[in-house]
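Could you put together the complete structure from these sequences and hints?
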Amino acid sequence: MEKITSFTIDHIKLRPGVYVSRKDNVGENVITTFDLRMTSPNDEPVMNTAEVHTIEHLAATFLRNHPDYKDKTIYFGPMGCRTGFYLLLAGDYESKDIIPLMIEMFTFIRDYKGEVPGASAKDCGNFRDMNLPMANYLADKYLREVLTDIKPDRLVYPE
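Numbered continuously in our numbering, the sequence shown closes out at residue 159.
Take every hint as true, because none was put in to throw you off.
Restraint ranges, calculated between C-beta atoms of paired labels, are given here: (1) E159 with E115: 37 to 47 Å; (2) A121 with R22: 31 to 41 Å; (3) G125 with K151: 35 to 45 Å; (4) T5 with K151: 16 to 26 Å; (5) N65 with D92: 21 to 31 Å.
If you're looking for bench data, these hints aren't it; they were derived computationally from the structure.
All of these numbers come straight from a predicted model, not from anything done at the bench.
Heads up, the beta-carbon is just placed ideally off N, CA and C, and yes, glycines get one too.
As structure tokens, then:
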């Protein structure tokens, strides 16, 4: 069986960043998949499911309400390895194109207080598995260590 593209990235060299994972053509449209890598694979501890779940709820809500990206957002969700998230946008983008959006989104997550959108038995299949303070902390860490003044080597997968 052929190895899928995401398994061909050298995860030993991979550092937190914003990477184009792939681009797919769907009819005449391009879908860009971004790898929003928040922790260093196989080096730092992975994120726990509660904070991953909280970030997913907040980010999806933010993106689907964003004036410029609500109609371009196809999907936002966690990686199985719990080191980051995938964001799929309709359009042909490069990593640098979405840095302002990511700064805006992770600032929203960092500063969010109150009830997490969709965190109820009626709205979510595992609503008790949430950790807003840790989601706030991880968003702040990603902003400080990666997104603010992001370097070119954090925008392109390592060779």
